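Could you slot chain B onto chain A? The hints should help.
Chains as they are written, first to last, in my numbering: chain A, 1045 to 1349; chain B, 33 to 325.
For the record, the hints were derived by calculation from the structure and aren't laboratory data. In this text the structure is predicted, and so the values were computed from the model without any measurement. Quick reminder that beta carbons are idealized off the backbone N, C-alpha and C, glycines included. Mixed in with the good hints, there may be bad ones.
Pulled a few chain A residues facing chain B out of the computed Cβ check, cut under 8 Å [claimed, not checked]:
no., residue
1, A1089
2, S1090
3, V1094
4, L1147
5, L1150
6, M1151
7, M1187
8, L1193
9, L1206
10, V1304
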Amino acid sequence: MTVEAASVKVVQPEQVARRRPERLRKRTDRSRLASVGLHGALVVASLIAVFPVFWVLVTSFKPDAKAVETTPKLVNDSSLDNYVRILAGDKGDFLAWFGNSVLIALMTTVLAVFLSATTGYAASRFRFPGKRSLMLSFLVVQMFPFAVLIVPLYNILLVLGLQGTSMGLVLVYCTTAVPFCTYMLKGYFDTIPNDIDEAGRVDGLSPFGVFWRLVLPLARPGLAVTAFYAFLTAWGEVAFASAFLSAADESKTLAVGLQVFVQQNRTEWGHLAAASILVAIPAIIVFYLVQRFLVTGLASGAVKG
Amino acid sequence: MVLPVVVVIAVLVLFPLAQGVFFTFTNINEGNIANPILDRPASYVSVGLDNYLKILSGDASYGAFWSTLVRTLVWTFGCVFFHYTIGLGLALLLNRQVRGRSVYRVLLILPWAVPAFISAFAWKYMFNAQYGIINQFLRFLGLDDPPVWLGQSDWALVAVIIVNVWLGVPFMMVALLGGLQSIPGDLYEAAEVDGATPWQRFRNVTLPGLRSVSSTVVLLGIIWTFNMFAIIYLITGPNPNTRILVTYAFERFFSGASRDFAVASTYGVLILSVLLVFAGVYRRALRKQGEVW
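Pulled out of the complex, with its shape left as it was, chain A reads as follows (with noise of 0.2 Å):
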């Protein structure tokens, strides 16, 4: 209980603090022409985020045909056809695709996260050596180009037998979400007061049990910023799944997959279009779960880094 209270007590005034710079210019401070400016500059910068999505939304109703006229129309002999055969598997087999994918970015975002909490809770609370010179090789890591690691990443995966299954390419994608995390949640956990962990451990709680009752629950924001990007680099990634999964048509993740509607000479435009909006939708889920956090998450993480 004791515990509880002090954490509501620290974390309110933090709260406060931020809010600060929205009181700062009140909309009664702007003209009304610097009104309209600003919100046209904000109209045209949405459109301009919003628009490739929705034109791909578009498109994915039309038949393929339809899709590569020269004067384009919103709506042009549109219908589901290009869904429903796509989730039929006439073009490849589409759900066992999504489901690796699937598989495969929760694997990954979950040991992501789980690994990144432990060694960022380690890094910010306790002095240990070789500390500082951990955090540097993770900076380091983010520079290693794959192209160095695709060779032996391959050979290691070979003689291990995880080449061309979905365990290999998770261990491979934690290389690439782990460090960056760390480095993220490391900050955040900086910005929790170390007041809370010393009640807790007057409570009788053990390190762990500081560290998973009351330290996560808290760093709830930085944590869903990890997951979303851990999510999201499994979810989106091109080149190891392509390089790493075997041939087999129902082996592949969708980032792989899709490219069957690419084809040398002829694009099926309406059909691309249908599975990427399908592929995007999870993601954009994901997205929507955690979006309020991600300002605060990403901010303390790279305001403290």
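Just chain B now, with coordinates in the frame of chain A:
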């Protein structure tokens, strides 16, 4: 608690890295690598510095290293410059009291949420010279002869830069928005009382307040863009006009029947070296300005 990560990193990054460096001194390829499935032992041999010499001579059959490096730098700094300026501009707009702020924010972050390969397909479709919506729009504006965006010319590089800017702005915007919100409002009030103009407030309060966020995200942005592979590869394929170091390494890895692992690895090591040198210089430059990093 650190141990699992250290082990994972060591096994999956450091060990492969060491092996990758080792491969650069050999002639390893698909034909002579050890293959446990075929039960075939490795038969590649050491070639010393041969790979490096061939690449650094700038030979066109080894990817014309120097001109590719220049293109990579144009690509990297072009992208990051627009990421940062547009991201900062939007963050400043969003940091004000605006009606519908959260709606704008969700819409503006959207490009980040769409998987990169989907965005690549979408833009490839929009950039098509005949039926793409972008050229339709340009013709509608009265431009009779809009460029063939994804052909064998520098327009292709412009096109992929546009796509990557579209893709990368949300991350910058969100990070900088967070940074802006951590600047105490008192500083602005004090500056206003002292009669500072908006431009002076921006230069003397906002920019210094964003220093530490900026230095981190710009460095990360440069590293990520330098190594950005998916966008270029999926939009223009092996087009020499958009070739950057990473895509060429991948071409080498996949080219033909005899995948040239040795040259791909050598490219990887050279990329890493360029980035390490850059990060060192960047860090020193920051430290000179008194930044502890």
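Discussion item. Of all the hints numbered above, which does this structure not satisfy? Sort the numbers upward.
Written reply: 4, 5, 6, 9 and 10
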